[in-house]
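Asker: Kindly generate the complete structure, drawing on both the sequences and the hints.
Top to bottom, those sequences are chains A and B. Residues in the first sequence are numbered consecutively from 1, following this note's numbering. Residues in the second sequence are numbered consecutively from 108, following this note's numbering.
Worth flagging that the hints you see were computed from the coordinates, not collected in a lab. It cannot be assumed that every hint is accurate.
Below, computed lysine-lysine pairings styled on DSSO-like, alpha-carbon distance capped at 27 angstroms [to be verified]:
#1 A:LYS56 x A:LYS67
#2 A:LYS106 x A:LYS2
#3 B:LYS120 x A:LYS42
#4 A:LYS106 x A:LYS67
#5 B:LYS133 x A:LYS67
#6 A:LYS42 x A:LYS56
#7 A:LYS42 x A:LYS106
#8 B:LYS120 x A:LYS56
For each label pair, taking beta carbons as the anchor points, the in silico distance ranges come out as [claimed, not checked]:
#9 B:PHE176 x A:ARG77: 20 to 30 angstroms
#10 B:GLY110 x A:PRO81: 38 to 48 angstroms
#11 A:LYS106 x B:GLU158: 47 to 57 angstroms
Pulled a few chain A residues facing chain B out of the computed Cβ check, cut under 7 angstroms [said to hold, decoys possible]:
#12 TYR39
#13 SER43
#14 PRO44
#15 ALA99
Owing to the predicted nature of the structure, the values given are computational and were not obtained by experimental measurement. For every residue, glycine included, the Cβ atom is placed at its ideal position computed from N, Cα and C.
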Amino acid sequence: QKEVEQNSGPLSVPEGAIASLNCTYSDRGSQSFFWYRQYSGKSPELIMSIYSNGDKEDGRFTAQLNKASQYVSLLIRDSQPSDSATYLCAVTEDMRFGAGTRLTVKP
Amino acid sequence: DAGVTQSPTHLIKTRGQQVTLRCSPKSGHDTVSWYQQALGQGPQFIFQYYEEEERQRGNFPDRFSGHQFPNYSSELNVNALLLGDSALYLCASSPRDNEQFFGPGTRLTVL
Numbered sequence: 001q002k003e004v005e006q007n008s009g010p011l012s013v014p015e016g017a018i019a020s021l022n023c024t025y026s027d028r029g030s031q032s033f034f035w036y037r038q039y040s041g042k043s044p045e046l047i048m049s050i051y052s053n054g055d056k057e058d059g060r061f062t063a064q065l066n067k068a069s070q071y072v073s074l075l076i077r078d079s080q081p082s083d084s085a086t087y088l089c090a091v092t093e094d095m096r097f098g099a100g101t102r103l104t105v106k107p
Numbered sequence: 108d109a110g111v112t113q114s115p116t117h118l119i120k121t122r123g124q125q126v127t128l129r130c131s132p133k134s135g136h137d138t139v140s141w142y143q144q145a146l147g148q149g150p151q152f153i154f155q156y157y158e159e160e161e162r163q164r165g166n167f168p169d170r171f172s173g174h175q176f177p178n179y180s181s182e183l184n185v186n187a188l189l190l191g192d193s194a195l196y197l198c199a200s201s202p203r204d205n206e207q208f209f210g211p212g213t214r215l216t217v218l
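Answerer: Following this line, the structure appears as structure tokens:
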């Protein structure tokens, strides 16, 4: 069974800190990875995509991919209270999402 | 440019009834995927449509069926509703094999 695993949290960080969110996947053949943010009662919103090993930066967000270890992570620098949401990791080939990690940024 | 739209926003049905949910993709997108999201869970893939054909299907029973129209819009049909079908139903569109963008969802409650 192909799986996408995330720590459910909640993960709590103070405002201005770095939040680190992790995701592991079971299918070694996976090539496309995505991070979505979902506010309570809303639909998922695409934050970043990553396809190659290494880091990809977009503003305060950095996605990291390590295919050998089968994990993908998302770092949020200078965390803001508005970043408080559930973060979903997705592997597109299988259309699989993790259960999400709930992040709370405390002022 | 309108994003992905879904209708209706909310829906209440009783067990055994049938429901149809609708989705219009983002302009320029030809692929539509449907997901079911239960409270506190990640989205579960139902199926994907491309060129009016079901291209890929998740682990959902045949009670869940769909259709894609020539203008790329799509419908999700669920027959013989069960209490466990209560969830947020999400439609996502994409250019083929690319990033998916979600609509606002339809909240289905089965009583």
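Asker: For B:LYS120 and A:LYS56, compute the direct alpha-carbon distance and say whether it is at most 27 angstroms.
Answerer: Distance of about 45 angstroms is beyond 27 angstroms: violated.
Asker: Under 7 angstroms is the threshold here; is the Cβ of A:TYR39 close enough to any Cβ of chain B for the hint to stand?
Answerer: Because about 12 angstroms separates A:TYR39 from the closest Cβ in chain B, which is outside the 7 angstroms limit, the hint is violated.
Asker: Does A:LYS56 sit within 27 angstroms of A:LYS42, going by the straight-line distance between their CA atoms?
Answerer: Given that 27 angstroms is the threshold and the Cα spacing comes to 26 angstroms, the pair holds.
Asker: Taking the Cβ atom of B:PHE176 and the Cβ atom of A:ARG77, is their distance within the range 20 to 30 angstroms?
Answerer: 44 angstroms, violated
Asker: Given the proposed pairing of A:LYS42 with A:LYS106, does the C-alpha separation stay at or below 27 angstroms?
Answerer: Distance ~21 angstroms between A:LYS42 and A:LYS106 Cα, so the pair holds.
Asker: Does the alpha-carbon distance linking A:LYS56 and A:LYS67 stay inside the 27 angstroms limit?
Answerer: With Cα atoms ~14 angstroms apart, A:LYS56 and A:LYS67 stay inside 27 angstroms; holds.
Asker: Given a hint of 47 to 57 angstroms, does the C-beta separation of A:LYS106 and B:GLU158 actually sit inside it?
Answerer: 48 angstroms, holds
Asker: Regarding the pair B:LYS133 and A:LYS67, is the alpha-carbon distance no greater than 27 angstroms?
Answerer: Since the Cα atoms of B:LYS133 and A:LYS67 sit roughly 31 angstroms apart, the hinted pair is violated (cutoff 27 angstroms).
Asker: Hint says 38 to 48 angstroms; check whether the CB-CB distance for B:GLY110 and A:PRO81 agrees.
Answerer: 25 angstroms, violated
Asker: Quick check on A:PRO44 please, does its C-beta sit within 7 angstroms of some C-beta on chain B?
Answerer: At 5 angstroms from the nearest chain B Cβ, A:PRO44 passes the 7 angstroms test, so the hint holds.
Asker: Within a Cα-Cα threshold of 27 angstroms, do A:LYS106 and A:LYS2 meet the stated pairing?
Answerer: Violated. A:LYS106 to A:LYS2 sits at ~35 angstroms, over the 27 angstroms cutoff.
Asker: Can A:ALA99 be said to touch chain B, with a Cβ gap under 7 angstroms?
Answerer: 5 angstroms, holds
Going down the numbered hints, you'll see the structure goes against 2, 4, 5, 8, 9, 10 and 12, while the others check out.
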